[in-house]
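S.K.: Chain by chain, the residues:
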Amino acid sequence: MTEMKTMPVNTKAINRRIKSVKNTKKITKAMEMVAASKMRKATQAALNTREYAGLAWDLLVKLSKKENESLPLLKMRPVKKMLVILITSNRGLCGSFNSNIIKKTSQALADKKNISKHRLPGGEEIAGSENIEIDVIAVGKKGIRYCKKMGYNVIAAYTDISEAPKLDNIMPLSKTVIDDYISEKYDKVVVAYTDFRSSLVQEAKLRQVLPVSQVDIEKMLSDIGGQDFAGQERAEIEKIKVAEYLFEPNKKEVLSVVLPRLVETQIYQALLESCASEHSARMLAMRNASEAADEMIDDLTLTFNKARQAAITQEISEIVGGVAALE
Amino acid sequence: MIKFKIVTPEGSVYEDEILQCTIPTQDGEITVLPNHIPLVSILKIGEIKFRDKDGEHAIALAGGFLEVRGGNELIILADNAERAEEIDIERAEEARKHAEELLKKADQTADIDFARIQAAMERELNRIRVGKRWKNLR
Numbered sequence: 000m001t002e003m004k005t006m007p008v009n010t011k012a013i014n015r016r017i018k019s020v021k022n023t024k025k026i027t028k029a030m031e032m033v034a035a036s037k038m039r040k041a042t043q044a045a046l047n048t049r050e051y052a053g054l055a056w057d058l059l060v061k062l063s064k065k066e067n068e069s070l071p072l073l074k075m076r077p078v079k080k081m082l083v084i085l086i087t088s089n090r091g092l093c094g095s096f097n098s099n100i101i102k103k104t105s106q107a108l109a110d111k112k113n114i115s116k117h118r119l120p121g122g123e124e125i126a127g128s129e130n131i132e133i134d135v136i137a138v139g140k141k142g143i144r145y146c147k148k149m150g151y152n153v154i155a156a157y158t159d160i161s162e163a164p165k166l167d168n169i170m171p172l173s174k175t176v177i178d179d180y181i182s183e184k185y186d187k188v189v190v191a192y193t194d195f196r197s198s199l200v201q202e203a204k205l206r207q208v209l210p211v212s213q214v215d216i217e218k219m220l221s222d223i224g225g226q227d228f229a230g231q232e233r234a235e236i237e238k239i240k241v242a243e244y245l246f247e248p249n250k251k252e253v254l255s256v257v258l259p260r261l262v263e264t265q266i267y268q269a270l271l272e273s274c275a276s277e278h279s280a281r282m283l284a285m286r287n288a289s290e291a292a293d294e295m296i297d298d299l300t301l302t303f304n305k306a307r308q309a310a311i312t313q314e315i316s317e318i319v320g321g322v323a324a325l326e
Numbered sequence: 000m001i002k003f004k005i006v007t008p009e010g011s012v013y014e015d016e017i018l019q020c021t022i023p024t025q026d027g028e029i030t031v032l033p034n035h036i037p038l039v040s041i042l043k044i045g046e047i048k049f050r051d052k053d054g055e056h057a058i059a060l061a062g063g064f065l066e067v068r069g070g071n072e073l074i075i076l077a078d079n080a081e082r083a084e085e086i087d088i089e090r091a092e093e094a095r096k097h098a099e100e101l102l103k104k105a106d107q108t109a110d111i112d113f114a115r116i117q118a119a120m121e122r123e124l125n126r127i128r129v130g131k132r133w134k135n136l137r
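For the record, the sequence lines run as chains A and B. Note that numbering that gives the first Met the number 0 has the first sequence beginning at 0, numbered continuously upward. Note that numbering that gives the first Met the number 0 has the second sequence beginning at 0, numbered continuously upward.
Hints are computed from structural coordinates only; laboratory data are not their basis. This one's a predicted model, so the numbers in the text were calculated from it and none came from an experiment. Please note that the accuracy of each hint is not assured.
[What the hints assert, rightly or not] Each computed DMTMM-like pair below joins lysine to aspartate or glutamate, with the alpha-carbon atoms no more than 25 Å apart:
| no. | chain 1 | residue 1 | chain 2 | residue 2 |
| --- | --- | --- | --- | --- |
| 1 | A | 250 | B | 26 |
| 2 | A | 165 | B | 93 |
| 3 | A | 37 | A | 215 |
| 4 | A | 116 | A | 202 |
[Unchecked claim] Partner residues are not named here, just some residues of chain B that face chain A (Cβ under 8 Å, in silico):
| no. | residue |
| --- | --- |
| 5 | 8 |
| 6 | 33 |
| 7 | 36 |
The C-beta atom is built at its ideal place from N, Cα and C for all residues, glycine as well.
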């Protein structure tokens, strides 16, 4: 009986809930649509970079085919200190996007021996060591928070890179990375990013940036353009006789221009992939939220109707009771 | 006919068949005609001029490298490139002024920033030059 008495108040409260859930749904719906359009732009940008990356890589393969020039960006050193570029998002509400990349990075960094080894084409390896120092460059606010918690040394943080990054945005970053590698401050640089497979599948990944590694760039190229792209280009190179090429001013000069570009492109590509992944993760999270809101509204409406009906029934029975008492 | 392609890290700028192409390389300007030998060269800031069946066209280039492949293929990997008719001269002028102001303010001892702004200014100047020249041609 006590429950019945409180009904009129209850319907009001329920009504308020419904209204607030409806408002929330409007927001999540709008965010979903914004994320979807941003995702489309970001994927297009990532696709656009692929061609450049592929062609620059071809050039490098041609250049390093005959003699292996000993350029600083190609030189492998035993790893004592390494740098991780961790790409996360600035904002939340994007599902497990940030936790996935952070989990993957933690796992990889915990296994110091594995991450500090160099892989050579053909499956050979140069062993790593247990005693390495790790520094981090954080891109995105979420990554900074994680690094602070884990006690990694953050040497630089970039939180002002826009949602549609341009190559200019990462120039300061890639310059730091290249300079520090040449000055032997770091012996290996990896980038932790989220690879965009499709709007439903994204995968957290770590890729080596420096020293410029054949294994990693080839993997990245085959990842992005689909296997055909890389495979076909490779076959084409075989046909062209490298010896016929003329290099102006000379091979070493050309290499020293191509290599930094490749590093830049690789970092840029990683950023674009992460960006596309972030937006698609947010889109999905917001779609789930909208669906949950729909369900909630249905449930609440049902409860509201029941409560209203109960209140009416009670009122009638009270009136009938009153009339009966008068007679 | 040469298969001509110019790509930047931000995407493809131009792709078509052309008759000849003049490119500013580090060692001086070169013109690529059909049946050129395979060549790889470093490019500097300047103007790419090429001729196709419709006439002459221009592209503002901010450095990069080129590759001539056997089989009449010319590929330019540019740091940045823009077709002359698409250059917004007013905005380029603004960007140049902005760079100029920064340059005045910049501490000359911090040479990294200085070099970067200077490069930016040179790039904008080149865009303006190419854009204006193209307008005068029309």
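S.K.: Which of the numbered hints above does this structure break?
M.R.: Hint check: 3 and 6 fail, others pass.
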